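Visitor: Chain B is fixed; fit chains A, D and Y onto it per the hints.
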Amino acid sequence: MAAMMDFKLSLPEASQNAQQVDIAFFSVLAISGVILLTLLVLLLIFIVRYRKGSRAKRGPLPEWLKREFELGWTSATIFLAIFIFWWFVGGSIFPPRAFPGQLEIHVVAKQWMWKTEHPDGAREIDALHLPVNTPVRLVMTSEDVIHSFFVPAFRLKQDVLPMITTELEFTPTELGTFHLFCAEYCGAQHSRMTGQITVMTQSQYARWLRLQPHGDSLVREGETLYAKFGCGACHAPTSRIQAPKLGGIAGQAVALQTGARVVADDAYLRRSITDPRADIVAGFTPIMPSYGAVATSSEVEALVAYVKALPKEEQQP
Amino acid sequence: MSDSAYLRPPWKNLERQHQAVTLGIWAFLGSEVLLFAGLFAGYSVYRGLHPAGFLAAGRETSIVFGTVNTAILMTSSLTMAMAGRTAKARLFHAARILLFATFALGLLFLVLKGFEYREDIHKHLIPGPGFPISVEGAALFFSFYWVMTGIHATHVTGGLVAVLRLIVTSRNDTAWLAGSGSQEATALYWHLVDMIWIILYPLLYLAGRTHG
Amino acid sequence: MSETLSAIPDYLHDGTTLRSWLFTTDHKRIGILFALAITVFFFIGGTAISIVRLDLLTPAGDLVSDDTYNRLFTIHGIIMVWFFLIPSIPATLGNFLLPLMIGAEDLAFPRLNLLSWYLYMGGATFTVLTLILGGVDTGWTFYTPYSTMFANGAVLTAAAGVLISGFSSVLTGVNFIATTHALRAPGMTWFRLPLFVWSMYATSLVMVLATPVLAMTLVLVMAERWLGLPIFDPSRGGDPILFQHLFWFYSHPAVYIMILPAMGVVSELIACFARRRLFGYSFMVYALVAIAVIGFFVWGHHMFVSGQSAYANIVFSFLSFMVAVPSAIKVFNWTATLYRGSISFEAPMLYAFGFLGLFTVGGLTGLFLATVPIDIHVTDTYFVVAHFHYIMVGGSVCAYLGGLHFWWPKITGKLYPEAWARFAAILMFFGFNLTFFPQFVMGYLGMPRRYHVYPPEFQIYHVLSTSGAVVLGTAYFLPLAYLLGSLWWGRNAGINPWKAKGLEWQAPSPPPHKNFPVPPHVPDEPYDYHPKEGPLAEAAGDVS
Amino acid sequence: MAREKIPAKSFWKLNRDLVMTWAGLCALLAITCTLAYVPMGRGNLPVSLVIAAIKAALVGAIFMRLSDHNALNRLAASVGPIWIFIMFVLMGSDYFTR
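Residue numbers (the working numbering), protein chains in the order written: chain B, 1 to 317; chain A, 318 to 529; chain D, 530 to 1073; chain Y, 1074 to 1171.
Rather than coming from a laboratory, the hints here were simulated on the basis of the structure.
All values reported here derive from a predicted model rather than from experimental measurement.
Cβ atoms here follow ideal geometry from the backbone N, Cα and C, with glycine treated the same way.
Hints are supplied without guarantee of correctness; some may be wrong.
Below, a sample of chain B positions facing chain D; criterion: calculated Cβ distance under 8 Å [claimed, not checked]: (1) V28; (2) A30; (3) L37; (4) L42; (5) L43; (6) L44; (7) F46; (8) V145; (9) L161; (10) G187; (11) H190; (12) R192.
In the DSS-like style, the derived pairs of lysine-lysine whose C-alpha atoms are separated by at most 30 Å in a straight line are [stated by the list, open to error]: (13) B:K52 x D:K943; (14) A:K405 x Y:K1078; (15) B:K52 x B:K66; (16) B:K308 x B:K245; (17) B:K228 x B:K115; (18) D:K1043 x B:K52; (19) D:K1043 x D:K1028; (20) B:K228 x B:K312; (21) B:K308 x B:K228; (22) A:K405 x Y:K1086; (23) B:K308 x B:K110; (24) D:K1043 x A:K329; (25) D:K1028 x D:K943; (26) D:K1043 x D:K943; (27) B:K228 x B:K110; (28) D:K1028 x B:K66; (29) A:K329 x A:K430; (30) A:K405 x Y:K1082; (31) B:K66 x B:K115; (32) B:K57 x D:K943.
Isolated chain B (complex conformation) (with noise of 0.2 Å):
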């Protein structure tokens, strides 16, 4: 019973999103508040004074006035609806583009945990460190079902599906430590897919990285699959077999069979990896087979980091 006398009746608001959300949340409450008590207000005027029998005048009205409310406040309605949306969702949708400085943090989901890596290969389960004031960014994919990464002290929340990568970008602001709950059911202990997040101060989140031990950085992962695969049988540069080289390859424009060029991001990386036949490359033969069926998510994105992390090569004669 102690317990319940631990609640809360507030949130933290633990990131710069958070005070945003919460900006949109309370003037929507307050608005809702007003119509709601206007409502309530009128229901107990009219119930009191035009109770049966009571000695309220009562004859009809006449037609152009309830046409006049009628247009009144449909008017009225439409325009606090797009004043809200234009207000509080029309600004802030579009998630920021990557940008340099972000601290990349993998995330996998699995039945029934989460297992975060930094970018430095450490490795974490049902919890994640964080510095606090430095833009984050999540890159999440599952292993199994749709989980969904959710931290109420951030107002975050994503979706982690099998197959598909998605982000999650925020600035932690605050010290502490903060649920981490699975929003997406995903099966018997849905309700234990829980874990921690621990924002500290840059110092601390150094000296904790330090001390973790560290398993295989995703890079390493990344060459151990890429040997494993035997991906290099074709695309190494020394290969016979005609296939693209991939030195440097991440960020460039390449070109496609079909005359389009596409810049080769994270997102073209992994499609080519799991379904190469969908963008084939000028000047190539689609002879590769699909990974996606052979690598896990979390083994796509260990190749992928590799294959960024590939040097230009020299130019062959």
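Guide: Coordinates of chains A, D and Y only, in the frame set by chain B:
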């Protein structure tokens, strides 16, 4: 001889009963169209995501069966429409012959579809182990192929039962064909099933024919 | 006239064998058959959620296992949505009243109507079979790939049950549309139709056009799970978000299948007990149709965090705000109807007031969920749970009970005990708010839905909610008891105990098999509670 | 009821428009099947769909008598395609901008 013998409760007026039956069947057809809408949407999304797979898979369906079956179903629609026209002209004997033809053509469609399925199974065109086309998305094409043709065949079967009912009921009472709204209702349903097939035909049989 | 009436048996006594009920084509008897079936399911679904609420008293979830918990809330959702709410008002009150209100003998296709009931029962059988097989744990939303590749419950029978009962709703919709077009009594023009009839018409449009999409979606789920065909499976090229699009294309409009009929009922109640013509009748009609149509454009607001594109989020957010407009117009019109009325407070009117308050809260919290940044925070939390229960339970169930009380004298010929009914209505209002208001707060604080165990700081809200549920449950058992009791002990109601307008009150209570001994003719506007002086008023009085 | 006798000529007259429609449908079927083998790049799909739409419209207008039905039935018939259009546009708002 009076058609008012075909009034059913709660109707008092045959013309109004016909109007209601026709409107009801049109509303139901609207529902049927939306039933296939989900399949069309799924097909379109996946064709957009995996164009190569859909083209590679589209080549493997049997264009001969597909085209012949389209022609058969369109012809059955013709005989059905003619049956309505002749029944209205009170040429009930001719109308019944045309209904027989409709039934036979519908049955022929299903028989040919069965042979086509046998050929498909023979070529292992069922997504799963042993599926011969390795391009990503080809298996999705065949998932939709089986579900679309399967649901359509169910509708043809339902239509055949309805046509059979017309034939059986009009055996001793040929004027029933004009008097009750059943012939028109059945015809509208039959034409819709034909129409759906007309849309399915290019999706399932004409994709990817230009290559290989 | 009364002598001729007594000669014709009423529909309840027009045949007493089981056969005369199971093979009836009388819309009134079919309405009763539906009412019996949905009442059973209401209490099964209610039992499931009672166990859930008891379990949630402690943060550790000490009462049942994780798996049982998941099966309980799933069966609660499936039963309450498809076997109670969807058929609740249309298939019972709608079936009973639609022909009466337009002055017809029956629905356009009486045998099709009976088929609707059998299809519903077919679906119900599969649902009961699902329960016997140990239930299903996918949630009522059947999200893939969980439902197709990972769940171990009886997904196939559950999906089959929903699929089959869906055809029941399509056929009911077709029947109502044809009836409204073709069987109106002489003089019953479109703009003389009671709003309940309009609401049935709008609901039918949604049932006919949305339900088949759900049917096909479930067929695809079954094909993937049962036959192993790749359809939504992402590891074989499929897109799980496609499932969500198709599912919500039905399931958002399905909310309007539940709430539009409730709006129709409440319009009748308020007009009758305020003794006043509905304010802005034609605007009410347009609003109903607008909600039915725009309701199809907003499904993507269930998917703001699903991985759907940001542009789609904007589009669906805007459209969701637009659907709020006609709903708001209806609330304003109901309130304005009270102005210069002569209001009395019989139980149905108390339910109508309850509806007005609860639906408004439900609708206003809908604004939060249409606002993308807020929705991202509160979706999949108890905020959403509270929101849709305010609409579906506070709105639809409240209106259903109000309507049931209002037309009970017509349906059974008996009066229910007024004091008990008022007490139950008030108790329900308090129980409901105590159950669901705390859920808004804990939802905002981050309590995710479908959680069996939860952090202890949310316990206080769960305890409040569970105690409210006890009150609410009691308030639902009361009508079951006194309404059934009134069948034996209730006073005879007479033709028109409320002195209400509307053709149904011109038929005997309970009506005979063909409803009207004398075919009705409609000379008046609807809700003509304040007839003008002079000869016209005399003429209007003669008709009944 | 006695078997009715119909002169072949009036029988043809009665059904002429239907048979002509059927002939048109068959011609369109032959055209679309042939065109499927003509390389048009991305053009093949739209061409085959447009032909399919024309065929469906013919069936609707002539066989299903929409051209001489009342406005209400035509409205009912148009609702299905309109709703499919809505579904595609709104789902497209997601898939085309992912």
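Visitor: Please list, smallest to largest, the hint numbers that this structure does not respect.
Guide: Going through the list in order, the structure violates hints 2, 3, 6, 18, 29, 31 and 32 and respects the others.
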